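Each protein sequence line maps, in turn, to chains A and B.
Residue numbers for the first sequence follow my numbering, beginning at 142 and rising by one.
Residue numbers for the second sequence follow my numbering, beginning at 967 and rising by one.
Any given hint could turn out to be false.
Covered by chain B, per the in silico footprint, the following chain A stretches (three or more residues, Cβ under 8 Å) [what the hints assert, rightly or not]: (1) 151-164; (2) 192-198; (3) 223-231; (4) 235-246.
Quick look at which bits of chain B chain A covers, simulated, 3 or more residues with Cβ under 8 Å [claimed, not checked]: (5) 1005-1014; (6) 1081-1094.
Computed beta-carbon distance windows for the label pairs [what the hints assert, rightly or not]: (7) A1025/B with S244/A: 44 to 52 Å; (8) A1090/B with D246/A: 54 to 62 Å; (9) D216/A with V973/B: 40 to 48 Å; (10) S244/A with N1071/B: 26 to 34 Å; (11) A150/A with D1069/B: 28 to 36 Å; (12) K1000/B with S190/A: 17 to 25 Å.
These are computed hints drawn from the structure, not numbers from a lab.
No experiment lies behind these values; they were computed from the predicted model shown.
Backbone N, C-alpha and C define an ideal beta-carbon position, used for all residues, glycine too.
The lines below spell out each chain.
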Amino acid sequence: MTSIDVREADGGVVLAPSGRLTVVTAPQLRAAVAERIFAGDRIIVVDLSTTEFVDSSGLGALVSCLKSARQAGGDLRIVAPTDQVAMVLRMTNLDRILQPRASVDDALRG
Amino acid sequence: MSERRVVEFAATIESIDVVQAEFDAWWTSLDDPKLEKRFALEIAVVEIATNIVEHTHRAEGSTGRRYELTLDADEVAYTAVFSDNGMPVDIDLSTVTMADVEDENGRGLALAIAALDSLDYRRAEGRNIWTLVCKR
Chain A
142 MTSIDVREAD GGVVLAPSGR LTVVTAPQLR AAVAERIFAG DRIIVVDLST TEFVDSSGLG
202 ALVSCLKSAR QAGGDLRIVA PTDQVAMVLR MTNLDRILQP RASVDDALRG
Chain B
967 MSERRVVEFA ATIESIDVVQ AEFDAWWTSL DDPKLEKRFA LEIAVVEIAT NIVEHTHRAE
1027 GSTGRRYELT LDADEVAYTA VFSDNGMPVD IDLSTVTMAD VEDENGRGLA LAIAALDSLD
1087 YRRAEGRNIW TLVCKR
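Looking at chain A on its own, in the form it has when it is part of the complex (with noise of 0.2 Å):
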């Protein structure tokens, strides 16, 4: 099961999902997201340190939220993928619009 974890930042918000990020649990990062755009936040960082797995639902859900936050005039920025992840990033070709950041700080920052 996921949990997203969420914080505030100086900078932004940062999000981290944990555990699976699929067609079950990807609606709830969707819902995270939007609601942080629309309380007004604009960097977006997602934390994936402790997401352990992803798969499509999830890489859409990604994308999507990347999607929002620009449309919004922010940015959405992912840390740390694992090492499933950064292989489906990779194997998708999604790595060259998430790039991922090593830190949270780096992400923050820009």
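Guided by the hints, dock chain B onto chain A, whose structure is given.
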């Protein structure tokens, strides 16, 4: 050596969590499993299970259908076979391509194909049969 596990699931979105729990239990029981092979087979298993569940709901709504997964390992390959008695699937796997990076959907089958050594779909005796093979 052959390490076989057969499990059945209700065709619901929530079943994907159960599929992964069963996969995890089977995989951790294997001798000398390689992590990169796990990644490859597990993503394909999850994508095909999701495809079966979503196809069932699109074609028939919530019908109480079930699907079966057989996981097997021998000296040559890891194999997963899905079987269900839902409506036939109209798919030509040779035409599947990876979605563009801006697309929110359309990566599931392409990911499964890219991860596996072979993916086969056939209709036999009124059932949809998906066979996923990942060489050791």
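These are the hints, each one checked on the structure:
no.: 1; hint: 151-164; result: holds (count 3)
no.: 2; hint: 192-198; result: holds (count 4)
no.: 3; hint: 223-231; result: holds (count 4)
no.: 4; hint: 235-246; result: holds (count 3)
no.: 5; hint: 1005-1014; result: holds (count 5)
no.: 6; hint: 1081-1094; result: violated (count 1)
no.: 7; hint: A1025/B with S244/A: 44 to 52 Å; result: holds, 46 Å
no.: 8; hint: A1090/B with D246/A: 54 to 62 Å; result: holds, 55 Å
no.: 9; hint: D216/A with V973/B: 40 to 48 Å; result: holds, 42 Å
no.: 10; hint: S244/A with N1071/B: 26 to 34 Å; result: holds, 31 Å
no.: 11; hint: A150/A with D1069/B: 28 to 36 Å; result: holds, 30 Å
no.: 12; hint: K1000/B with S190/A: 17 to 25 Å; result: holds, 23 Å
Of the numbered hints stated above, the single one contradicted by the structure is hint 6.
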